[in-house]
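Participant: Chain by chain, the residues:
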Amino acid sequence: MSDVTNTAVDSTATPGVALMDQQPDDSVPARSPLHHVAQAQTGEVSANARVSIWEEPLKTHLILRGDAAAAGFREGVQAATGLDLPEPLQSQSKGDWSLSWITPDEWLLVGPGDQAFTMESRLREQLEGHYAVVNVGGGQSIVRLSGTEARSVLMKSCPYDVHDRHFPVGKVVTTVLGKTQATLRRLGDNDWEIVVRRSFADYIWRWLLDAASEHGVHTGPLLSAVKGQASHKTDTSTV
Amino acid sequence: MTQSNRLPRGGRIDRSRPLTFKFNGQTYQGFAGDSLASALLANGVDVIGRSFKYSRPRGIIAAGAEEPNAVFQLGATEATQTPNVRATQQELFDGLVSQPTSGWPNLNFDFMGLMGTILGRMLPPGFYYKTFMFPQAAWDTYEKYIRKAAGLGRSPREPDVDIYDHLNQHTDVLIVGAGPAGLAAALSAARSGARVILADEQAEMGGSLLDGGYTLDGQPAAEWLKATLDELARYDNVLLLPRSTVNGYHDHNFLTIHERRTDHIGDRAPANHSRQRLHRVRAKWVVLATGAHERPLVYGNNDLPGCMLASAVSTYINRYAVVPGNRLVLMTTNDNAYRTAFDWQDAGREVVAIVDTRQGAAGAWQEEARRRGIKVLTGHAVIEARGRKRVQGAVVSGLSPDGSQALGSDQVLVCDTLATSGGWSPAVHLSCHTGSRPIWDDEVIGFVPGKTVQKQLAAGAVAGRFGLNECLEEGASLGALAATNAGFTAEPAAVPTAECRPETRPMALFCVPHHKRNSRAPKQFVDFQTDVTAAAIELATREGFESIEHVKRYTAMGFGTDQGKLGNINGMAIAAKSLNQTISETGTTIFRPNYTPVTFGAIAGRHCNDLFDPMRYTAMHEWHVKHGAKFEDVGQWKRPWYYPKPGETMQQALNRECLATRDSVGILDASTLGKIDIQGKDAREFLGRVYTNAWAKLPVGKCRYGLMCREDGMVFDDGVTSCLGENHFLMTTTTGGAAGVLEWLELYHQTEWPELEVYMNTVTDHWATMTIAGPNARKLLSELTDDIDLDRDTFKFMDWRQGTVAGVPARVFRISFTGELSYEINVQAHYGLHVWEKLFEHGAKYDLTPYGTETMHILRAEKGFIIAGQDTDGSVHPYDLGMSWAVKEDKPFSFIGKRGMKREDCVRTDRKQLVGLKTLDPGIVLPEGAQAVDDPNQPKPMKMLGHITSSYYSANLERSIAMGLIRNGHNREGDIVYYPLENGRVVEAEICGTIFLDPKGERQNV
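Protein chains in written order, with my numbering: chain S, 1 to 239; chain V, 1 to 1006.
Be aware that a few hints might be false.
In silico DSSO-like pairs for lysine-lysine, Cα to Cα no more than 27 Å straight-line [to be verified]:
1) V:681 with S:179
2) V:681 with V:523
3) S:179 with V:898
4) S:171 with V:284
Partial list, computed: chain V residues near chain S (C-beta under 10 Å) [what the hints assert, rightly or not]:
5) 366
6) 368
7) 390
8) 673
9) 725
10) 761
Bear in mind the hints are in silico, worked out from the structure with no lab data behind them. Each residue gets a CB set at the ideal place from its N, CA and C atoms; glycine is no exception.
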């Protein structure tokens, strides 16, 4: 590795893998996938808005691949993140971190934006056996959808059943949204997290805005606070 | 205009809300609660169109979805034009503008009317085939006039101003139809807690309960209806969808519901509100409670305005307070239709007679008629209607007991309305949609739903149970069964009892005989919309069409937008009789989705305009837009195509971009290339199996180009893969192939080699990739990095390094698709724009020039680099491309495509092979796709040698260059081939090598 990496990286924990701190210092401006619509997130809430949509930009997104049945993987994830590997279609969250089941051997770990390298390093120290950790934070973002009509916006957008009985708080599903794919997680009765691919973010944003326009839509995170609903920060532990 | 046929009281209309509307240029008035049809009838409008083939005047027959004649064009403006609207289903709103769709050039003087009179004999069934199909070339001309004359309406010439959307629904029980059976089913299912959707095509739920003077448990039915709807509305597990037609029943209990959300409000939908919505429903169980359509009787001139369905007359009277005439003759085969005569009399108009086709019909209904003083003629039939634009009389004759012959002398009853009932046909359409054949039931005298593989139940009239009490009870019990089947604990809801007069057996009669043979009798219409007569069906069977499906296609019966809802059963029965078969033997044609016409808008939903397809953007997209890039769609990506400066043509821009890159330095946004992160101890082995070339010895820090083939040995993708660590690789793919390649790798990993320890993840979106290429690329990069040693001997061609570029951690790959000194800089996409802009800050002095995909294509073609999918098409293997250097035959494990490319056909020496081509006239750029021949003067069809795959003007070479496939091309260097073009011109070109520039590759190794 030393002939490749001019910046010193301690990759002894996982030999053979190019671990890389990809984040520059704060002087370099970062632009999230929905940076161009951020201006629209005014905080001004129309009295009629029953849906609000906003981006939670620049977070850490790590894909974990491994065998849930393998103790070296399962326990390693627990040790590094403090979170148990969620069961299929479920998620775990604690503090600023959430861990979502994606496919039978794939999970998505989301946390504060400046933690990607630290967390990946910690995981690689703890994990054993055959596994992979991939930093995908540059290629994904989170769109938050909230409000009393949030569910009907999703009904317009995806074929999956988002009814309370079928999609309780804490559940995670990767499904079709419009004509693309997204990962839905229910954070609360009227509160959803949508993980989107960077290149599709603008399409999904426009799609959701359009679907919500009938209900009155606010682009910004303030609706739940204004409406006196549970804060969107509500910690959602596993279901 | 006065509403001469409007009753002073009664009905479900709101007389305090008069509404003004237009039909055929005239202004009329109706009331809130009217349908367009009821409002027209209230105003005494008899003729609402002309018939398709014979151009006969037509009036409103029915009151629901089965209406064949009153199919109008709606819309006050060009942009809101809507064809195919059934006036019977269109609620009246203020300002509604409607036009008849038939009757060209106008309703009163009708060109086709004359034609119909003169040419009547010349328009037998099959006239399309017999008359218009030959000569073939004339069809285009015929069609224009046939379409216009056929009255199918027209599409708007301006874009639709309204929006339409989709809603995905999931439910435990979907109940189709909110008549008595559907309502009872909904009550049972709803009370169990199951998720229930109750959909009904009408504005008001209630079905037949809205139309008649029924009493339930001694109370007016309207009271039970209101209580039921109120209860259902209280449940949050119930969704009531009025104005919503369940139009399609697809596999796996997937149904589509067409909801008309604002068609009753006005010409346009309110802002941000969809005009119509398509509900896409996944139902665990479906209860069909679609009811039945009354069958009209078939007799001479039965299409005259004033000839109507008996039940429709009752509906107009009871629901809309409209009596569509003054003197009624009712012809019926059953007791139930007597109700219409009673309704008519109760409305204060004259019932001339009830003509009952049954010999000696006697029972409670006949008793009631006598009590009311209504004349009843049993064993009689109306064999012919008289009149020109409206019924003026009914010719009544005796009828043989089996209904086969008209007997005795005729009497003419003077009347203006002739209502008929031939019984009821269950609305089995939805149950047919999934392929279930309906079954003829002699007791029902109709087809009932057949065996189905769907989780479907049928309740009430659709199942042949026509009595109100039967409907309520069966609905309640099947609603409970559906909920139980869906996993809930359900009991049949208690339902009220209706007081019903007992009914005696109806008669099966599908065509009233005339004294003359059907072919000589006045026309007896079976299908009004396509003008199919009883005689035409008989002629079809005589001409040898024995299958009902063939009869349908030959006569066009059931081909209209009404799908023959009124006429099909009569038509099948007539065909059966003519073929000496039972109806069961003849069978029926199958109804298909959609039940009633659906607008394209509802089908498209929001998948239109800017939301038609996802547009994928790179992290630098805004910069491209700001700098005037023209974009090219590559897959769903928007890639800069070229960056014209003001006043530049495309070719001028390309020339400038090409020269600047080769002379100094250019930059390309390459972020769209597929990138797959591969980790695991077997990653290297895996690569060796999916690529044709060797990977065993690629050291960390190095990159290698690879070709990927399918099993057949044909190239399907290519790209550079870099060794990031001993167990870690980064694969790049073509932009369009990214998803397909990942799927391909997963497929092989999961199904063939699950023992290999490897994980693959897409990181396409994670990295922003910018390629700087040109002799000044190193100088430029050196200004932005201080931790990467760019020395030509330490950071060689096909090496990669990690470091910092413009303050951002980066992976820099020294690879080249242009043949120039070139670096691909990869940074986390959040910082892509920052690095890109820094490159321009420092690049100004080198005239750093952004170039797009077109210049990229030209530069790579100058070097003979292929583009998978352009120079290959799934029939080209690596040897055809002259890329044997990229195939490693002696790998310990095989690789995908190895055996494929050894097949006999793949080792022929005269395969089409990729070569370079230089036109003899350097100014001519051959069109891609042009076919090469050896002798341009040979007779057609010429023997083609292969086609041009890539062709450009190269500013660097000051001439055109091309690549193409030529049979045996690798052995034909120096030969001249000919490209005859579409415009007649023949272009000569010389076969050459594919590398046009810098054959030794010195430029990229500086």
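Participant: Please write out, lowest number first, the hints stated earlier that are contradicted by the structure.
Facilitator: 1, 2, 3, 5, 6, 7 and 8
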